[in-house]
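Based on the sequences and whatever the hints tell you, model everything.
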Amino acid sequence: MTRADYIVHGTVTGRLDPQKFLSDGRQFLWSAHSLDLAETCHRRYYYESVLNVATPDQNVHAFFGISVHKAVETYYAMRASGKSHDDTLRHIVHMTLEDTWDHAKGVPMLDYDTLKQLPGSAHLKTRENLIRTIIWYFSEYGDNDPCKTAILSNGQYAVELPFQFQLDDEIMLRGRLDRVVEFANDPYVDDSKTTGASISSFYFKRYDTDTEMSLYSLASSVVFKSPVKGVLITAMQIAVGFTRFERSATYRTEAQLQEWIEDAKYHIRMAWEAPKHNWPMRLSSCQKYGGCPFTGVCARDPRVREEYLATGFTKGVEQ
Amino acid sequence: MDNDIDTIAALFARDPRTHTEADTNKMIEYYQERRRAFKLSGKGDARIEKPKSSLEDLGL
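Residue numbers (the numbering used here), protein chains in the order written: chain A, 1 to 319; chain B, 320 to 379.
Just so you know, the hints here were simulated from the structure itself, not pulled from any lab data. Don't take each hint at face value.
To be verified - Partial list, derived from the structure: chain A residues whose beta carbon lies under 8 Å from chain B:
hint: 1; residue: Leu-97
hint: 2; residue: Arg-132
hint: 3; residue: Phe-242
To be verified - Partial list, computed: chain B residues near chain A (C-beta under 8 Å):
hint: 4; residue: His-338
hint: 5; residue: Met-346
hint: 6; residue: Ile-347
hint: 7; residue: Tyr-350
hint: 8; residue: Gln-351
Glycine is no exception: its CB is placed at the ideal position from the N, C-alpha and C atoms.
Here you go:
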C-alpha cells in the first residue's frame with residue numbers, strides 16, 4: 001500500500017483487493033476477522049481490513065500462528081501418505097526452521113532481541129518457542145490424540161479446509177477449518193489457538209460468543225453438509241520455558257446460528273455505511289483486550305494521522 | 320544438559336539448509352526431554368474439558 005492509494009480520513013480512493021471488495025468500496029467477501037473488526041470499531045476495521053495495515057507485533061502473532069497451522073496441515077498430509085510419526089516430525093521441524101530463516105540476510109527470524117522491543121506477549125513468539133511448541137504439540141497429540149482426524153472421501157485427512165459461501169445476494173463468508181475430528185463418537189471442528197495468556201475456563205468462555213466459532217459451526221453444515229456437534233478449541237499457552245495445551249468445546253444451536261446470521265448481516269451493512277460518516281470511532285473499544293493497536297493513530301489530530309500511519313505500521317499478514 | 324543447550328543454540332544460529340538429519344533429531348530429542356521434565360513437574364498435564372452443549376446444560 002502506498003500513501004497515495006488512499007486517503008485516511010474519508011472515502012476510499014485507491015486500489016482495493018478486488019477479491020474482497022466491490023468497485024464501490026463495499027466489502028463483499030468477509031472473514032471472521034474482518035467481521036470482528038467491523039463489530040468492534042469502524043475506524044479500526046478501516047485501518048486493518050480496508051487499508052490492510054498492522055503493527056509489527058500483530059504480524060508476529062499472525063506469523064507464529066500461521067507457522068503452527070502449516071505444521072499441523074503438513075503433519076496430517078504426510079501421515080495420510082503413509083509416512084511415520086518420526087519421519088513426519090523431523091520433516092516438519094526442518095521445514096519450520098527453514099521457513100523462519102531469513103535467507104536473504106542469513107539470520108534467524110523471530111529473534112528475541114527484536115521481539116522484546118514489541119508490546120504485549122510478542123516476546124514469547126520466538127523461533128525457539130515455535131519449534132518447542134510444534135515438537136510438544138505432536139508429542140501430545142500426534143499418535144495419542146483422543147480426537148481422531150476425520151477422513152475425507154478422497155482419502156485425505158480433513159485438515160486446513162478452506163470454505164466460501166453465499167450468506168445473501170451481496171455477502172459471502174470465507175474461512176478455513178483447521179481440522180475436523182471425531183471425539184467421543186461425535187464430529188467436531190478443532191481450532192488451534194496460540195496465546196501468551198494463562199489458559200483457564202475464563203480463557204475459554206470468550207469463545208461461547210465468538211464470531212469465528214459461530215462461522216465455523218455454520219460453515220460445517222452449509223459447506224461441508226456435515227453439521228458438527230461443536231467446535232473444540234485447542235489452546236497452546238506459549239510461556240518462556242514451556243508450552244501448555246488445553247482443550248475445551250463451544251456449541252451453537254440452530255437458533256443461535258440464525259441469530260448470528262442476522263447480526264452479521266446488520267454489522268456488515270453498518271460497515272458499508274461507515275465511509276459516509278468518516279469511519280466512526282467506537283471509543284468504548286479502545287482499551288479492550290489489551291488495547292487497540294490503532295489508539296495512537298486515533299489519538300492524533302486528523303491532519304497528521306496519515307503520516308503517523310505511514311511510519312509506525314506495516315502491511316498486514318493475510319489471515 | 321549445558322552442553323545440550325549450547326549445541327541446540329548453535330543449531331538455531333546456523334542456516335537450516337546445512338542441518339543434517341542427526342541435527343534435527345538432536346533438536347527433537349532435546350525438546351522431548353524438556354517436555355518429559357515439565358510433565359514430571361506436574362504442571363504440563365493436558366486436559367480436555369468434558370464437552371457439554373448449552374442444551375445439555377438445560378437437560379435437553
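query: Measuring from the C-beta of A/Phe-242 to each C-beta in chain B, is the shortest one below 8 Å?
result: The hint holds - A/Phe-242 has a Cβ within 8 Å of chain B, the shortest such distance being about 5 Å.
- prompt: Hint check: is the beta carbon of B/His-338 less than 8 Å from a beta carbon of chain A?
  reply: holds (7 Å)
- prompt: Does B/Gln-351 pass the interface check with chain A, least Cβ-Cβ distance below 8 Å?
  reply: holds (6 Å)
Hint status (Cβ of B/Ile-347 to nearest Cβ of chain A, threshold 8 Å): holds (6 Å)
message: Min Cβ distance, A/Leu-97 to chain B: is it shorter than 8 Å?
response: holds (4 Å)
message: Can you verify the interface hint for B/Met-346: is its Cβ closer than 8 Å to any Cβ in chain A?
response: holds (6 Å)
- prompt: Does the CB of B/Tyr-350 sit less than 8 Å away from some CB of chain A?
  reply: holds (4 Å)
message: Next item in the hint list is A/Arg-132. Is there a CB on chain B closer than 8 Å to its CB?
response: holds (5 Å)
In summary, the structure agrees with every hint in the numbered list given earlier.
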